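Number of protein chains: 2
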Amino acid sequence: MFQQISIIGFGLIGSSIARGIKKHELSHKIICVDQNEEVNSTVLALDLADETTPHLSEGVKASDLIIICTPVGAMGKVAEKISPFLEEGAIVTDVGSVKMSVIKALQPRLPACVHFVPGHPIAGTEFSGPENGFAELFENRWAVLTPQGHTELQAIERVTQFWEALGSNVEIMDPAHHDLVLGITSHLPHLIAYNIIGTASDLEDDIKSEVIKFSASGFRDFTRIASSDPVMWRDVFLHNKDAVLDVLQRFSEDLSALQKAIRRENGDYLHEVFEKTRNIRQEIIDAGQADYIYPEDKRGIVSTKVKSED
Amino acid sequence: MFQQISIIGFGLIGSSIARGIKKHELSHKIICVDQNEEVNSTVLALDLADETTPHLSEGVKASDLIIICTPVGAMGKVAEKISPFLEEGAIVTDVGSVKMSVIKALQPRLPACVHFVPGHPIAGTEFSGPENGFAELFENRWAVLTPQGHTELQAIERVTQFWEALGSNVEIMDPAHHDLVLGITSHLPHLIAYNIIGTASDLEDDIKSEVIKFSASGFRDFTRIASSDPVMWRDVFLHNKDAVLDVLQRFSEDLSALQKAIRRENGDYLHEVFEKTRNIRQEIIDAGQADYIYPEDKRGIVSTKVKSED
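Protein chains in written order, with numbering that gives the first Met the number 0: chain A, 0 to 309; chain B, 0 to 309.
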């Protein structure tokens with residue numbers, strides 16, 4: 000499918016893409032470009048790429064596909080540095096969780112002779128680093144592409160085929176709409192999860208140890224996504240500021256209404272809210288996006304792929 | 000261990016207790032007392048109890064252990080109705096998620112000749128009803144008892160042995176302290192989960208369908224506990240009002256600080272909060288209370304008992 004693919008930033012996502020490329024034979028050669036020499040050593044030891052380099056200039060030469068997998072805050076600088084070394088006709092794509100700010104940072108810095116197809120595979124786990132990647136991470140998950148009006152159709156088609164080859168379903172979206180939808184489904188839940196764990200962290204030590212002890216009562220459900228990569232998530236919130244603040248405002252208004260209902264002992268209102276949220280779980284299970292619990296197994300054993308988070 | 004056990008309110012918890020009693024042979028006879036005749040039919044069809052009745056008066060006669068498994072808001076009335084029919088020396092216990100208000104509602108209504116040992120098994124799933132119970136629900140989970148100073152030690156000991164026979168670890172706690180700790184670990188997370196799903200429910204239809212489509216990006220993690228029983232949870236919030244409002248206040252203050260950091264683009268603050276929350280997940284896994292993900296399995300397959308929620 001490609002002659003040479005450069006993956007810039009070789010963490011969970013970058014290494015999972017590399018494993019997928021190898022598994023499905025999508026490129027003759029894979030170049031790992033990572034500033035962290037420890038990462039490069041791991042990549043060579045695990046045989047995840049054909050070559051590794053810490054130098055962006057070297058890393059993109061002769062590649063016909065360049066995938067930027069760094070935190071979104073670093074992508075502008077990456078574009079600036081690789082720009083003079085890109086092959087004519089090469090395709091540049093990314094995996095950033097935010098699309099408007101990435102387009103704003105990359106588009107003006109890339110030369111006119113390359114094709115830029117912004118992307119976002121909606122897959123991940125709470126684990127970071129190249130050793131935690133796996134080729135199947137993208138299977139049956141969505142990959143969103145947010146090309147602009149002037150993007151060449153053939154380039155969009157090639158990136159689409161690439162993600163489909165990794166097992167994803169591809170969706171073309173407007174970047175601003177992407178940022179709003181992901182603000183609700185991904186960024187707000189992560190912020191809330193980080194916050195509730197943070198609130199618990201600030202408790203006195205004796206209560207904190209009891210929170211851990213009794214975490215199966217609900218708290219635990221929040222800790223998985225709150226153990227996601229801090230740098231990646233810092234960048235997400237800084238770069239999707241407007242959409243996040245908007246949905247956070249709605250969330251806070253709704254929470255105030257619940258708070259008021261508790262204070263005034265308005266049981267009917269509480270029941271009404273709790274009742275309407277039940278159906279959504281089922282809709283998610285029906286859409287094939289949630290853990291399936293085998294109903295015949297009364298112990299509630301779950302066998303599921305934990306593929307989540309941004 | 001007991002001659003005859005009455006289980007009042009035969010939902011997920013009640014039916015799981017009954018299955019556990021049968022499995023471990025803890026009583027000669029089990030009486031199911033439920034006002035819903037559909038529930039009673041299911042119980043007989045599934046052979047979960049020896050007898051069923053919708054009448055509280057009949058249901059507790061000759062029983063030496065009575066376990067109240069109704070929503071906490073109904074417990075006061077239950078106590079009032081069973082009171083004249085209780086055997087001298089019988090033990091009354093409950094499984095309510097709130098302890099202060101249950102003690103306040105039950106203690107004055109029960110006759111002096113019975114022993115009242117308030118309890119709370121910290122186990123559950125998001126499924127309701129007798130058909131969803133299973134005998135192993137309480138294995139390796141905590142059962143909290145909050146006896147008062149005047150409670151006879153022998154009664155506490157018998158209830159302790161009962162929960163231990165079902166596989167639980169028993170912890171004796173002060174009821175007010177229980178309500179605060181569970182307010183943080185259970186009630187607040189449920190409220191937040193209900194709220195975030197509620198916020199999403201209020202979105203325009205086209206965005207809502209996309210939220211479901213892309214729910215694997217974080218949102219999904221909240222939907223499991225937000226599909227818990229609405230009546231049970233309405234009662235929890237009405238009966239643990241003060242503790243819930245207290246922890247909700249702390250949560251809101253912390254969320255405002257994060258909101259401000261996003262607005263002012265204070266990346267250092269965000270990073271600091273996101274970094275400190277990572278460790279708690281590991282502590283929960285170490286405490287045996289979280290899903291264990293086999294590290295050797297790169298697909299992230301989870302084999303775990305989903306035993307959670309109140």
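A hint or two may mislead.
Note that identical chains are pooled: a pair holds if it fits in a single copy or bridges any two copies.
[As the list claims (entries may be wrong)] Calculated pairs, SDA-like style, for lysine to any residue (alpha carbon to alpha carbon, straight line, at most 20 Å): (1) 76 to 43; (2) 259 to 237; (3) 259 to 229; (4) 240 to 251; (5) 259 to 249; (6) 259 to 248; (7) 240 to 37; (8) 80 to 282; (9) 212 to 63; (10) 28 to 49; (11) 76 to 40; (12) 212 to 166; (13) 21 to 271; (14) 21 to 203.
Since the hints were made in silico from the structure, they are not lab data.
Keep in mind that this is a model prediction, so the values were computed, not measured.
First find the shortest C-alpha distance between residue 259 and residue 229 inside one copy, then the shortest across copies, and answer within, between, both or neither for a cut-off of 20 Å. Only across copies: residue 259 and residue 229 sit 18 Å apart there, 33 Å inside one copy, limit 20 Å.
Could you place residue 212 and residue 63 in one of the four classes (within, between, both, neither) given a Cα distance threshold of 20 Å? Classified as neither: same-chain Cα gap 52 Å, cross-chain 32 Å, threshold 20 Å.
With 20 Å as the alpha-carbon cut-off, assign the pair residue 259 and residue 249 to within, between, both or neither. Both: 16 Å inside a copy, 16 Å across copies.
Identical-chain pair category, residue 240 with residue 251, by Cα at 20 Å: Both ways: residue 240 and residue 251 sit 16 Å apart in one copy and 19 Å across, limit 20 Å.
Homo-oligomer pair classification [residue 248, residue 259; C-alpha up to 20 Å]: both (17 Å within a copy, 12 Å between copies)
Evaluate residue 80 and residue 282 at a C-alpha cut-off of 20 Å and name the case that applies: within, between, both or neither. neither (45 Å within a copy, 41 Å between copies)
With 20 Å as the alpha-carbon cut-off, assign the pair residue 21 and residue 271 to within, between, both or neither. neither (51 Å within a copy, 37 Å between copies)
20 Å Cα cut-off: does residue 21 pair with residue 203 within a copy, between copies, both or neither? Answer is neither; intra-copy 50 Å and inter-copy 42 Å both fail.
Within, between, both or neither, where residue 28 and residue 49 count as close if Cα-Cα is 20 Å or less: within (6 Å within a copy, 69 Å between copies)
If the cut is 20 Å between Cα atoms, do residue 212 and residue 166 qualify within a copy, between copies, both or neither? between (39 Å within a copy, 16 Å between copies)
Are the CA atoms of residue 240 and residue 37 at most 20 Å apart within a copy, between copies, both, or neither? For residue 240 and residue 37, the Cα distance exceeds 20 Å both inside one copy (32 Å) and across copies (51 Å).
With identical chains treated as interchangeable, where does the CA-CA distance between residue 76 and residue 43 reach 20 Å or less: within a copy, between copies, both, or neither? For residue 76 and residue 43, the Cα distance exceeds 20 Å both inside one copy (25 Å) and across copies (69 Å).
Figure legend: structure checked against the earlier numbered hints; hints not met, in rising order: 1, 7, 8, 9, 11, 13 and 14.
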